Amino acid sequence: MSNVEYDVIIGLEVHTQLKTQSKLFCGCSTAFRPLDPNTQTCPVCLGLPGSLPVMNRHAFELSLTTALALNCEIAAWTRWDRKQYYYPDLPKAYQLSQYDVPFSSKGWLDIAADDPQQPPRRIRITRAHLEEDAGKNVHDESGRGAESRVDLNRTGTPLLEIVSEPDLRSASEARRYLENLRSLLLFIEVSDCNMQEGSLRCDANVNLHIHNADGSRSATPIVELKNMNSFRNVELAVEYEVRRQAVQWEKTGQKIGDAPKQTRGWDAERSVTFAQREKEESSDYRYFPDPDLFPVTTTTAQIGAIRTALPEMPAARRERFQTQLGLSAYDAAVILDQGPELTAWFEQVAQLCGDGKTAANWVTQDILRDLNAASLTIAQFPITAQILGTLLQCITSDRITTRSGRDIYAALKKDAAEDRTIGVSDIDRLIAANGLEILRDTAALAAAIAAAIAAKPEAVQDFRAGKQHAVGPLIGMIMKQVAGADPKQVRELLIAAIK
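For the sequence shown, numbering that gives the first Met the number 0 begins at 0 and goes up steadily by one.
Keep in mind that the hints were calculated from the coordinates and are not lab data.
This structure is a prediction, so every number in the text was calculated from the model and none was measured.
Be aware that one or more of the hints could be misleading.
Using 25 Å as the maximum straight-line C-alpha spacing, the simulated DSS-like pairs for lysine-lysine come out as follows [to be verified]:
1. K18 - K105
2. K498 - K466
3. K260 - K356
4. K260 - K250
5. K455 - K413
6. K91 - K250
7. K278 - K250
Distance windows between CB atoms, simulated [claimed, not checked]:
8. D6 - Q275: 21 to 31 Å
9. D6 - S229: 36 to 46 Å
10. A212 - R243: 20 to 30 Å
Where is the CB? At the ideal position from N, CA and C, for every residue including glycine.
Build the full structure now, drawing on both the sequences and the hints.
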């Protein structure tokens, strides 16, 4: 454990695959097919002599949408550059990217601070640029290390790289930034952000600013972290790397410039980072403008149309859920984290039942539990927003009790599991068939309450002596005598009669 005092400096590079049907510069499919390697390639994405690329206009429009959602400035024009390096998964020996003239820059994304009492932290976005993805090296996982193969299906897939300034100050902030960014990308529908399929990947640049005894600061060499396939692994890798650099500083005192930048991988099984290679500088890639592609221009009208079409951002929706619907910050975050489809579904339920908190309780507990148990999306769930919203409206209007509502919900799920068609009308049918409608006959309730008080004078005396639980048996007796009575109403009338 190090005793060094330091500030943590973190910048993230996020690569997200855009949701297009075809690749960035050719017509090959972008579908994820790991069991059919090298079946989605052509002379263009393989870089065969004589092939010429043509830019996918939709990919560029999705990139503009993302940049505007991230509050970036849009350049009037951009060009394509060849980033040259030799690696088995790059058949052309260069990657088409954007070097010194990215199409967007100077954006920002707000995240919650580590201290909930502090205002949100604004993380600056250096740039967002479009490039083509490389292929994938598939290594032998038997442990023998016998061979590695290359799958070029992914080669040429449109990839948006979003680079943050080194504004993040902790591993937890890095994770929140990624969570907020993923939520934004899902809501503007530019990517599916599936980390298991490689649609969202993250590299972290980490170093420390050491507090010296004389009041000066020394920066440790920057390390780039790779191979992190989940937000949790990003957080763990950064935490480990911070500790490692602090210990390394005490041993060597190396500052930026004393050692080359290093790329380290994350070993999730051992929970350590390990050296992979020295990190390349920009000059190592020998960038130069691609001669086969025209520069891309943007117009004020084009940018204005995309900006107007932007949906409500997750941060604004979270604020609205809390202020207008009365949701807790936690419930709002849970719902938004599920993505735009479930969020829209929840809003329909809340509107129908007229109570945001009730809708949130059911969605975050019952609905999410059942979706996860059955591995279903909300679009596949048999109980529609109209059905649940109508059922909850029966509860919020005191037509039925919450317990009766759960019984009806269970019955509807059972009918759906048995391939019966269910609809809103089934709610009325189940209420009537099971006598679940709350009784409003106060005369019958008054008679039952009087009979219960007369039958159990000891319980009445105990309640008057301060034993609140003593009314439980009395309520049970009344509920048995008056079918369909509202337990809440019974309790209120019973206590009034006893007093």
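Now the hints, each set against the structure:
1. K18 - K105: Holds: K18 and K105 sit about 24 Å apart, inside 25 Å.
2. K498 - K466: OK: K498 and K466 at ~13 Å, within 25 Å.
3. K260 - K356: Outside the cut-off at roughly 51 Å; violated.
4. K260 - K250: Answer holds: K260 to K250 is near 18 Å, not above 25 Å.
5. K455 - K413: violated (40 Å)
6. K91 - K250: Distance of about 43 Å is beyond 25 Å: violated.
7. K278 - K250: The given pair, whose Cα atoms are some 22 Å apart, holds under the 25 Å limit.
8. D6 - Q275: 21 to 31 Å: With a Cβ separation near 26 Å, D6 and Q275 satisfy 21 to 31 Å, so the hint holds.
9. D6 - S229: 36 to 46 Å: violated (26 Å)
10. A212 - R243: 20 to 30 Å: At 22 Å between Cβs, range holds.
Of the hints listed earlier, those the structure fails to meet are numbers 3, 5, 6, 9, in rising order.
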